[in-house]
Amino acid sequence: DQQVKQNSPSLSVQEGRISILNCDYTNSMFDYFLWYKKYPAEGPTFLISISSIKDKNEDGRFTVFLNKSAKHLSLHIVPSQPGDSAVYFCAASGGAGNMLTFGGGTRLMVKP
Amino acid sequence: DTGVSQDPRHKITKRGQNVTFRCDPISEHNRLYWYRQTLGQGPEFLTYFQNEAQLEKSRLLSDRFSAERPKGSFSTLEIQRTEQGDSAMYLCASSRLVAYEQYFGPGTRLTVT
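So the sequences go chain by chain: A and B.
Using my numbering, the letters of the first sequence map in sequence onto residues 604 to 715.
Using my numbering, the letters of the second sequence map in sequence onto residues 14 to 126.
Everything labelled a hint here was simulated from the structure, so no lab data went into it.
If you're wondering where the values come from, they're calculated on a predicted model, not measured in any experiment.
Positions of the beta carbon are idealized from the N, C-alpha and C atoms, including for glycine.
A few of these clues could be false.
Here are some of the chain B residues that sit facing chain A, going by a computed Cβ distance under 7 Å [as the list claims (entries may be wrong)]:
hint : residue
1    : Q54
2    : E96
3    : G120
Using 27 Å as the maximum straight-line C-alpha spacing, the simulated DSS-like pairs for lysine-lysine come out as follows [to be verified]:
hint : chain 1 : residue 1 : chain 2 : residue 2
4    : A       : K640      : A       : K674
5    : A       : K640      : B       : K24
6    : A       : K608      : B       : K24
7    : A       : K640      : B       : K70
Hey, can you work out the whole structure from these sequences and the hints?
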């Protein structure tokens, strides 16, 4: 039973355009959401997060939107750069230990 | 802040052997987590420690797996009698006590032949 899903395994965008990565969740107990970026042979790197009491959080080129009623979040990257090419994981947290439940990842390719 | 480190980065072992991995968290982080990632999947939670106490274990953590964090600093994850299905990337992460954000190490890639 996948509680966090990323339905697009891959996404290709042109440099300078917007990248939109999507994530859906099923567990209403999740109260915090995070995005991680992963390069090959490295561990996931924390990118940006959002609390369930907010609907938007922005950090430079990265913006995360949360729609609680739809149990959906998205990561917008504007403008996209070739160095953004990586696998992006959505993760959700809930419960006493703040353990993370991850989606399956979306591979983003930004073409020059 | 030197980040989370893991050792070894790669381990190849034969089925039935025991292996042990080490994780050194960010020094001021109270919580330490272990995750496992297989090809094409996201990381899956295995267990976590708050200081030296192991507070939760996933059902993925069979009785062949054991983890310790003896002095609340580094942690070890041991797999006994390895099986081919144990082949995966084992990731360690740490966080402050009241923070949601976890910081990951580079992982240990285990291959069981």
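Would you check the hint for K640/A and K24/B, treating anything up to 27 Å between C-alpha atoms as holding? holds (24 Å)
Hint validity - Q54/B Cβ closer than 7 Å to any chain A Cβ: holds (6 Å)
Given the hinted pair K640/A and K70/B, is their Cα-Cα distance within 27 Å? holds (25 Å)
What's the verdict on K640/A and K674/A, does the C-alpha distance respect the 27 Å limit or exceed it? Given that 27 Å is the threshold and the Cα spacing comes to 21 Å, the pair holds.
Per-residue hint verdict: E96/B, partner chain A, C-beta under 7 Å: At 23 Å from the nearest chain A Cβ, E96/B fails the 7 Å test, so the hint is violated.
Is K608/A within 27 Å of K24/B, Cα to Cα? violated (30 Å)
Does G120/B pass the interface check with chain A, least Cβ-Cβ distance below 7 Å? holds (5 Å)
Violated hints for the displayed structure, listed by number in ascending order: 2, 6.
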